[in-house]
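Asker: Chains as they are written, first to last, in our numbering: chain A, 1 to 274; chain B, 1 to 251.
Hints listed in this document are in silico derivations from the structure and should not be mistaken for laboratory results. Take the hints with a grain of salt, since some may be wrong.
Facing chain A, a subset of chain B residues (Cβ under 7 Å, in silico) [unchecked claim]: (1) F88; (2) P90; (3) T95; (4) L102; (5) P106.
C-beta atoms are modelled at their ideal positions from N, C-alpha and C, and glycine is treated no differently.
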Amino acid sequence: MSLFQMFQYGFIQRATVAGSLIAVLCAILGVFLVLRRLSLIGDGLAHVTFGSVALALFANVPPLVVTLAALPLVMLASLGILKLMERAKIFGDAAVGIVASLGIAVGVLMTGLSGGFSVDLFSYLFGNILSVSREEVIIAAVLFLLIITAISLYYYELLAVTFDEELAQTSGINTKRINTLLVLLTSLIVVLAMKVAGIMLVSALIVLPAVTALQIATGFRTALILAAACALLSVVGGIIASFGLNIPAGATIIILNFGLFLLAFLGRRVVPRR
Amino acid sequence: MSVAVLAMEKLVCRYQGHEALTDVTLNVMAGDYVGIVGPNGSGKSTLIRSILGLQIPDSGQLLLFGVPLASFREWKRIGYLPQSMRHFNPAVPATVEEVIRLGLLPHKKFPRRVGGRSDTPAVQRALEALGIADIRRKLIGELSGGQQQRTLLARAIVGRPELLILDEPTTALDPETRERFYTLLGELHREEGTTIILVTHDTGSIGSMASRLVYLDRRIIFDGTLDDFCHSREMTAFFGEASQHLICHRH
Chain A
1 MSLFQMFQYG
11 FIQRATVAGS
21 LIAVLCAILG
31 VFLVLRRLSL
41 IGDGLAHVTF
51 GSVALALFAN
61 VPPLVVTLAA
71 LPLVMLASLG
81 ILKLMERAKI
91 FGDAAVGIVA
101 SLGIAVGVLM
111 TGLSGGFSVD
121 LFSYLFGNIL
131 SVSREEVIIA
141 AVLFLLIITA
151 ISLYYYELLA
161 VTFDEELAQT
171 SGINTKRINT
181 LLVLLTSLIV
191 VLAMKVAGIM
201 LVSALIVLPA
211 VTALQIATGF
221 RTALILAAAC
231 ALLSVVGGII
241 ASFGLNIPAG
251 ATIIILNFGL
261 FLLAFLGRRV
271 VPRR
Chain B
1 MSVAVLAMEK
11 LVCRYQGHEA
21 LTDVTLNVMA
31 GDYVGIVGPN
41 GSGKSTLIRS
51 ILGLQIPDSG
61 QLLLFGVPLA
71 SFREWKRIGY
81 LPQSMRHFNP
91 AVPATVEEVI
101 RLGLLPHKKF
111 PRRVGGRSDT
121 PAVQRALEAL
131 GIADIRRKLI
141 GELSGGQQQR
151 TLLARAIVGR
161 PELLILDEPT
171 TALDPETRER
181 FYTLLGELHR
191 EEGTTIILVT
201 HDTGSIGSMA
211 SRLVYLDRRI
221 IFDGTLDDFC
231 HSREMTAFFG
241 EASQHLICHR
251 H
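Given only the sequences and the hints, what does the whole structure look like? Please build it.
Answerer: Here you go:
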């Protein structure tokens, strides 16, 4: 089957569009998160999403709005991570660890108490990019516009805080507000991506394109563009490969992402940055 | 009557249970060049952090340009150069020019944009003043300590602040770069009228630059001109002749 024929299928089109939009958002936010040593926040919030979805199902929230119902809890969890870092003077990875383990514990507890759900809760763990619905594509497009607008409006503040938080503070930047914005945007994208991509892919899409771009970037803006390009390439390539070779799409996307990282890592050693 | 750039009265700061600053009263007027010296742990960095709002004092009053610190918003009037390589994240792939442009953020209103052409002349001026125009596209994390320090100073002065605060800026510099750095500070002070507060360990150089010396050891031990310092028997008794001579011999 040719590529042209492959992209005639509606589910391939939807997977490519939604996957690309989500991957680009994850990659761009990932650059900020990786540099702030919050690489695993995506993973942590995905675990919280799992717990929140289980809680919503336990409370008999209709399956169609389960993801939406999970959003406030995930946002609260992201703010909780920030507060733990600020107030309890805990490093980012430990704060993420606390919130993530709590999230997964709530999920397992709810599953146990309910005696199992009619909706496959575990689809949230692994996701299925090839089962994206038309509505999910629209939600992805709206959130893409929203998050890209927020990042472009606060681009220089985000850069300043990422470079040096205290120096940013002495420039009159409300660093707490910028940190809050960053984690809230992350929680939005994680919740959006969970059903589509699952915990495993969300975390990979946040970390891998960012670290690949940081290997070869010659400026901050370049890093964001390169990260987005890597994400896009791996999603499109991953979907094509998974369809052609009949292998799981999510895992293929991650392996392609890792391949790009390896190329960048080795390439930087052969051709140093100018 | 001109308003004090910095007015600090009976400031007390506690850090991990002990007083890092005790009843510090300090006024800095426009055009002053104040050198702050003192031993390790004497509260110099706490003093600077308090002025910049990075540490909230336990008691006392602090005014910046006549405005209480809590309600001070005109950060464009202040440039700050932190200790080299201590604060910033070297993994951030920001070019020298991107870092310098960030120094213009306090001048902007939402949405703050500092990448435009209208800001280029100011950035160019700062690049040239610091002699780093040729490395403008290099990543700051890949530069030497001296080049990083010059980039951060360019960031601090790009918005032409009225008050420049420098926290041990020469720690990472070789003697030659250090001399050039001090020369540039002198020019900013003389030609632009910039008020300077310089915290340093480099007591050997401070005497040739600052118009006023503050010796801090949790409280202010001495605050006056260098002449006063060098001819004060009290100070000789306090520091010993050798230490006093170290500060005064280049004056």
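Asker: Compare the structure with each hint and give your call.
Answerer: Hints, one by one, checked against the model:
no.	hint	result
1	F88	holds (4 Å)
2	P90	violated (10 Å)
3	T95	holds (5 Å)
4	L102	holds (5 Å)
5	P106	holds (5 Å)
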